[in-house]
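Enquirer: Below are the chains, spelled out letter by letter.
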Amino acid sequence: MSEAHAEDIKKHVRTYIMVFVALLALTVVTVAISTLHLSTFAAVTVALIIAVIKGSLVASYFMHLISEKKLIYAVLVLTVVFFVGLMFLPVGAFSDKITMP
Amino acid sequence: MQIPYTVELRSDTGLFNAKLGVWLFLASEVMLFGALFSSYVLLRVGAEHWPHGWEELNIPLATLNTVVLISSSVTMVMSWASLKLNNFKKYKMYMGLTILCALIFLVVKAFEYGHKFEIGHLPGTSTFLAIYFTLTGLHGLHVIGGIILNGYLWGPGSKMWQSAPDRFTNRVEVAGLYWHFVDLVWIFLFPVLYLL
Amino acid sequence: MDQHVATAPHVGEAHAHHEELGFLRKYVFSIDHKVIGLQYGITALLFLFFGFTLMMLMRWQLAHPNHPIPAMYFIVPIAIIGVVVLLISKFKPSLSMLVGVLFLGLAALVSYLTSGDDRMPGGIMLPEFYNQLGAMHGTIMVFLGVVPLAVGAFGNYVVPLQIGAPDMAFPKLNAVSYWSYFVGGVVMLVSFFVPGGAANSGWTSYSPLANVATTGQTYWLVGMVFLITSSLLGSVNFIVTIIQLRAKGMTFMRLPFFVWAQFVTSFLLLLAFPPLEAAGILQLMDRLAGTSFFLPSGLVVAGQPLQVSGGGHPILWQHLFWFLAHPEVYVLILPAMGILGEVIANNTRKPLWGYKSLVYAVIFLGFMSFIVWAHHMFLTGMGTVISAFFQTTTMIISIPSIIILTALIISLWGGSIRFTPPMLFALAFLPMFGIGGLTGLPLGLAPTDIHLHDTYYVIGHFHYVVAPGTLFALFAGIYYWYPKVTGRKLSDMMGKIHFWGSFVSINFVFLPMFIQGFAGVSRRLSDGAQQYAHAQNMLPWNEVMSIGAWVLGAFQVVFIVNFFWSLKRGESVGDNPWQATTLEWSAAPTPPPHGNFTKTPEVYRGPYEYSVPGKSRDFTPQNEAD
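Chains as they are written, first to last, in our numbering: chain A, 1 to 101; chain B, 1 to 196; chain C, 1 to 626.
Simulated from the structure, these hints should not be mistaken for lab results. Even glycine gets a Cβ: it sits at the ideal position worked out from N, Cα and C. Check each hint, because a few of them may be wrong.
[What the hints assert, rightly or not] Calculated pairs, DMTMM-like style, for lysine to aspartate or glutamate (alpha carbon to alpha carbon, straight line, at most 25 Å):
#1 C:K26 / C:E609
#2 A:K69 / B:E8
#3 A:K70 / B:E56
#4 A:K10 / B:E48
#5 B:K159 / A:E68
#6 A:K70 / B:E8
#7 C:K599 / B:E8
#8 A:K69 / B:E56
#9 A:K70 / B:E29
#10 B:K109 / A:E7
#11 B:K109 / B:D166
#12 C:K356 / C:D575
#13 A:K69 / B:E29
#14 C:K248 / C:D626
#15 C:K172 / B:E29
[To be verified] From chain A, some residues computed to sit far from chain C (all C-beta separations above 12 Å):
#16 K10
#17 L71
#18 L78
#19 A93
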């Protein structure tokens with residue numbers, strides 16, 4: 001293994017520690033906000049935003065997505081498209097329903 | 001004939017086989033948990049009454065578990081980095097810590113479940129508890145799967161470090177991708193079930 | 001496999017190593033993609049035969065409702081097939097002997113099914129048992145028959161050969177997916193023996209009916225979890241194999257159309273099956289842990305209010321189920337279209353017309369198949385806006401299907417067609433799939449669907465797609481690739497008898513279903529709609545269809561005999577009997593050894609260079625350098 005490579009990995013390790021700290025901080029924040037008992041809409045929005053940030057951190061740095069190959073991105077984009085389709089499922093069930101008058 | 005690209009990268013994709021394989025597997029896992037999340041939304045929107053997570057569940061324990069699982073993700077990625085730095089001893093330590101964290105997670109979860117059962121809160125009690133037990137149960141199974149996988153790489157599987165170090169490092173990376181995904185699912189389960 | 005790979009870098013050694021494997025490693029727990037493909041193929045064909053037998057029992061009941069069913073008419077022919085296959089094997093341990101014994105086992109299973117007071121007291125079929133047969137016929141045909149044959153068998157055997165790969169990317173995983181499928185199949189069969197019999201809520205397992213059904217339904221769900229796992233592992237393997245293991249020069253636009261079809265199919269399996277797995281888990285929880293994901297509050301069953309917490313949604317099951325099951329339809333049809341591409345190009349001796357449009361149409365088809373699912377649910381109280389959305393997507397998805405069919409038909413134009421058995425089946429596929437596809441349009445439009453929903457019209461529609469459509473294409477594939485696998489051709493004469501008999505009789509089975517459906521005859525009636533006034537003049541058709549089914553069954557015996565007779569007596573052939581261009585014929589020996597190729601093939605051209613002007617031969621293999 002070349003020296004430059006080892007340097008790279010050491011740089012990575014520093015990033016991991018920073019991400020770890022950020023994840024802990026965000027966990028504290030989301031729990032703290034939940035004790036405020038906001039309205040459902042606000043609570044869902046805030047909790048999901050924080051969860052998405054945490055999830056992106058894990059995916060980008062721990063799973064190295066930030067510097068991954070194009071092919072992996074393609075697979076994930078496809079998955080996200082169908083995932084959105086899945087989330088459309090409750091909409092299909094509730095937004096437009098024939099009910100008894 | 002040898003199966004190509006088990007270790008070396010294919011030039012046009014820049015990947016070895018297992019890495020592409022595990023990402024495809026994770027894509028299907030996204031759809032599995034996605035379908036359950038979608039069902040959760042549908043059931044919640046359609047319910048007349050839906051309890052807040054904090055009324056029913058133990059937030060301090062779940063927060064502890066979140067921290068434990070995030071830590072295990074960090075030790076996992078550190079174990080891979082140690083192999084990249086040619087430090088097998090550190091790998092053993094970090095991988096051991098990862099497994100330990102996963103076990104702590106399960107023990108805490110067992111306490112949570114046990115308490116629920118004691119006070120008669122079963123999956124059949126309400127739709128909220130039903131989806132809670134289903135989602136966390138399925139996630140728990142994934143944790144157990146991760147422990148078995150990591151346990152193999154920590155114990156008998158680590159012999160490969162002597163014979164084929166690059167291939168072994170790849171295996172640890174791939175196992176790591178799976179383990180981070182388990183962590184990632186929990187990052188979403190935690191607010192959805194406990195905090196909302 | 002690891003040592004295998006490590007110790008066998010040279011082909012000769014790989015072959016030698018292969019010889020050392022014991023019987024179990026070689027044929028049972030093999031990790032060679034060809035053996036696994038054959039395991040899939042044989043198992044799936046047996047399940048197809050069993051599913052067909054269930055249907056014959058149902059058809060007898062529909063033709064003569066509430067009359068005793070002569071069980072011997074079923075048991076004896078199956079036993080005779082078993083004995084004939086055993087005689088062909090000369091009782092030497094071989095595939096023929098195994099299959100002969102399995103047919104005798106099947107005869108025993110059928111004699112069990114046709115007896116017993118909770119199934120057929122005095123030979124008269126109970127409606128409850130009819131429901132089991134219906135549910136299991138659908139499940140077995142789709143999940144244990146056609147998909148494993150189309151994807152598991154053909155995909156496994158042919159894809160690595162066609163792309164020039166030594167094996168699948170993950171050979172051990174490949175074996176795991178076969179055995180997972182096998183266990184799923186066994187669980188399904190075992191469910192016939194539990195109290196209350198097998199699953200009886202239809203192959204769709206709709207809630208809340210499935211929640212209150214007998215134990216068999218739980219077995220069904222467990223079996224499905226195994227089958228889904230098998231498909232998931234298989235699809236990961238296929239995608240990685242196709243992306244990573246293509247031989248040098250095999251670019252994506254040089255892939256044979258069959259490989260493209262398998263590639264898109266694998267993505268459908270990968271991303272559409274997990275929601276059904278989720279739904280299966282939820283329904284298992286409902287049945288075992290007392291939850292009520294699919295049970296609304298205040299549900300009354302047989303006059304008794306159900307003791308559950310309630311709060312669930314029956315429609316949720318339908319959404320999750322059809323989110324899988326519509327892509328599943330394309331899982332059934334795409335590999336068939338892929339086989340067709342190979343057979344038609346080879347037997348017309350000219351390139352496929354519009355290769356690129358075929359490829360893009362298949363990709364678009366796969367993509368669209370994820371957003372049409374609710375067209376199965378127009379009658380669930382869906383409003384007009386959502387209905388309109390799904391109607392529109394359904395009409396859009398018909399466009400790529402038409403493109404594929406049109407391209408395949410135009411490919412025939414000006415070709416000097418060889419009417420070999422595989423080509424006959426392929427030619428029959430075109431109009432049959434056309435009928436199946438076009439009759440689907442009225443079902444995709446909400447106004448007409450309201451009349452036709454749950455009538456025999458629906459049964460006719462999807463059987464035209466799957467039976468004379470997909471199954472004919474699969475037969476074409478068997479006749480086409482049999483020489484590569486065995487080194488012998490199937491008998492042409494028996495093949496032609498099999499084809500013409502099946503082709504004529506199958507239309508007598510399914511065409512009358514449209515007539516009955518238009519008249520409003522409902523599906524899933526155990527007496528063939530005898531009790532309904534509006535169906536009275538439609539009843540004679542029941543007998544016509546049943547006779548058609550028996551004739552169809554009789555002609556399949558020709559195929560079974562042909563299959564085993566030709567193993568020994570078929571015309572012996574060389575490496576490339578069809579004079580084909582793709583790698584499995586032009587580069588691999590017959591039958592291919594472990595590791596497939598004696599020398600890693602290199603690819604210089606597209607897959608269908610037939611009748612290229614200026615060449616001495618009318619075909620130019622992909623691995624032929626200029």
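Enquirer: Next step is simple, just say for each hint if it's right about the structure.
Expert: Taking the hints in turn, this is what the structure says about them:
1. C:K26 / C:E609: violated (36 Å)
2. A:K69 / B:E8: holds (15 Å)
3. A:K70 / B:E56: Cα-Cα ~44 Å, so violated.
4. A:K10 / B:E48: violated (54 Å)
5. B:K159 / A:E68: Cα-Cα ~28 Å, so violated.
6. A:K70 / B:E8: Within the cut-off at roughly 18 Å; holds.
7. C:K599 / B:E8: holds (21 Å)
8. A:K69 / B:E56: This hinted pair is violated, its Cα atoms lying about 43 Å apart.
9. A:K70 / B:E29: holds (20 Å)
10. B:K109 / A:E7: Outside the cut-off at roughly 39 Å; violated.
11. B:K109 / B:D166: The given pair, whose Cα atoms are some 36 Å apart, is violated under the 25 Å limit.
12. C:K356 / C:D575: violated (29 Å)
13. A:K69 / B:E29: Holds, at about 20 Å.
14. C:K248 / C:D626: holds (16 Å)
15. C:K172 / B:E29: holds (21 Å)
16. K10: holds (31 Å)
17. L71: Answer for A:L71: violated, closest chain C Cβ roughly 7 Å.
18. L78: It is violated; A:L78 is separated from chain C by about 7 Å at its closest Cβ, not greater than 12 Å.
19. A93: Not fine: 6 Å to the nearest Cβ puts A:A93 too close to chain C.
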